[in-house]
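> Take a look at the letters that make up each chain.
2 protein chains.
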Amino acid sequence: MPVFEIYEYRERIKKTKKRMEDAGIDLLLVSQPANMNYLTGYDGWSFYVHQCILVSLDQEEPIWIGRGMDANGAKITTFLKHENIIQYADDYVQSDVKHPMNFVADVIKQRGWGKKRIGVEADQFYFTHRCYAELEKSLPNAIFKDGNLLVNRVRLIKSDAEIDFMKKAGKIAEKVMKTAIDTIDVGVRECDAAAAIAHAQYSGTEEYAGDYPAIVPLMMAGEATKTPHLTWSEREYKRDEAVLLELSGVYRHYHAPIARTIYIGNPPKLMQETSEVVLEGLQKTLDYIKPGVTAESVEEKWREAIAHSTIVKESRLGYSIGVNYPPDWGEQTVSIRPGDKTELRPNMCLHLIPGIWYEEVGFEVDATIRITETGYESLYDFPLKLFVK
Amino acid sequence: MPVFEIYEYRERIKKTKKRMEDAGIDLLLVSQPANMNYLTGYDGWSFYVHQCILVSLDQEEPIWIGRGMDANGAKITTFLKHENIIQYADDYVQSDVKHPMNFVADVIKQRGWGKKRIGVEADQFYFTHRCYAELEKSLPNAIFKDGNLLVNRVRLIKSDAEIDFMKKAGKIAEKVMKTAIDTIDVGVRECDAAAAIAHAQYSGTEEYAGDYPAIVPLMMAGEATKTPHLTWSEREYKRDEAVLLELSGVYRHYHAPIARTIYIGNPPKLMQETSEVVLEGLQKTLDYIKPGVTAESVEEKWREAIAHSTIVKESRLGYSIGVNYPPDWGEQTVSIRPGDKTELRPNMCLHLIPGIWYEEVGFEVDATIRITETGYESLYDFPLKLFVK
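Here the protein sequences line up with chains A and B, keeping their order. Numbered by our numbering, the letters in the first sequence go through residues 3 to 391 in order. Numbered by our numbering, the letters in the second sequence go through residues 3 to 391 in order.
Careful, some of the hints might be misleading.
Remember, identical chains collapse to one label, so a pair may be satisfied in a single copy or spanning two.
Listed next, the in silico BS3-like pairs over lysine-lysine satisfying Cα-Cα at most 27 angstroms (straight line) [as the list claims (entries may be wrong)]:
id	residue 1	residue 2
1	173	343
2	20	117
3	315	83
4	147	100
Calculated from the structure, these hints are not laboratory results.
Just need the whole structure built from these sequences, with the hints factored in.
Listed below in structure tokens is the structure:
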């Protein structure tokens, strides 16, 4: 059974169909794993082969299409009628001579959708160029449209049930970061800290399980603090170095990221100053956030708040978050940066991460928030500071 | 510094260029993370944004192109000269108005490659349809060719240094499966078993670190044993149920998968019989394996070995493995199934996984092997049997 009540899924499908109508799309082919999960409940690490769901304006329920061995997984995890779970034979997998999208095209033709306006998620990972080329070849009478981010935009405003999941993820995030700070110290191997962090992520709390994050623990120490996306090795932590941590608590694929910086030893002046500027700037930015303000104005507030310092942050300040699968926990819709005029609205969830990855100093901290009716609330409870060990 | 000696990378690039010449490709755009790592050493969880390396016949070294904040990561992890590490501005990330492939096309034009025959990895995740469409639009005089699996095919035969990595992964795999079997029992939550498994995967051995697997622990119990790709929840294991485990040991992104089945209680007759047939069939198949036999003949041997039983396995028996990143540890080249006429050769590595996911019974076991000069050797040392607790 899926993890939400069935009416939740029906509501999501209704909103998706509304957007499809507005975009002139009759049939939407959804291959992004989080979007598949969002619309049907489908869950499973089967996205390393091609699979999709089809949402058609003229059919109430979506259709799941995937590899034969995963059809039972679809029966277990989705609310779909079994007649709407369709499997392809195993010789379509990673074949030189046939492609799963040829099978999908056959289903589309059989249902009489071969001349429809078909939307595809053109810039989502898991929808390769060849997926498109095979569909185009197999469906010569269809009109293809870009349905990229169409479902992602529906995901932007969370239901109360989803917010409950996000808060559960936040509880796990607290435990995860506490574990990291307790574990990391002089002489401890990075890999053993990563192991303790993963243990906390997967086991969750006494009441509920944690889940695997869409991004593994990012943990940069020493020289590596000048870049944000490295992981770990058998290297041991040393005295007088910073450790940047970008982690997450996850509950049923809903993410509450948490980022903090540890300094092992006495932080040098540049680290002290950088952390103070960033922490103060982040707090001023948060104080500004409420429904109705735009994403770009939040970034502007941040820039103003650090203007008195030498810090320049060229990358976006943050982005929207929610349900996701590897490789990204970001929703890829709202970005907190110049040009993004999205108005913040209640039950959007944002990850603000003013990370600084300079040659001379690196510092990370974040805020993971829900927009409320009047302002914002944090999805976890954890001190906003530089941790010194 | 990259993890292999630089001459290893130069050898890989040489082999890649040879295949490019044979395929009529002047410039290869490589976006698959394992291929990027294989050719340059690049490592980092940055593949959630578009990035690539360019391999040109007329230039010795590849060029890395990625997001600004990841350029220092490329400097740390690759052997490339800094002039060959090129970064794009952050406003290319997940933008409605510009795309990283426009930037890549600009680099291609600046280098005088705008009219060349350009190969792309058309069916690799991380090369979306829009990547292709933007390149095609920005490079109207280029001739595009499919370079899918070109680098993957170079990866098929491992160097001795890579085999050493695979064996280190195998050592970790032994520890990982032992941890799983020791942990799983009546009343234990699935998520706590998953946590113990992840801990073993990441921490590795006393001598060297483990790494994150390209596929998280797959662990099906009870009803879920009729499908292969589910994960875990807070559900507790019960007496008289099977637990199917597909895990992996990983060393610096090199994978040694390991799959076994646990029965908690007294295995019923059908489970006993199924496991005996599969284990005996796998052993007979392994006894047949040596250099010169074809992938499809290995599958035929397996089919013959279980022909006396009622077991039918419709999915492929296995595939080649090595270095990889999420979402797949398979190399996507050799498949052990009818029609694959690849001849096995020394230092190929294969994952044979005769998994049975019936409604009435599920059973998994595997063999993860290297082809030797005369036969095969297992990459880990672990009993081939049904584990009863």
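> To test your reading of the hints: which numbers does this structure violate?
1
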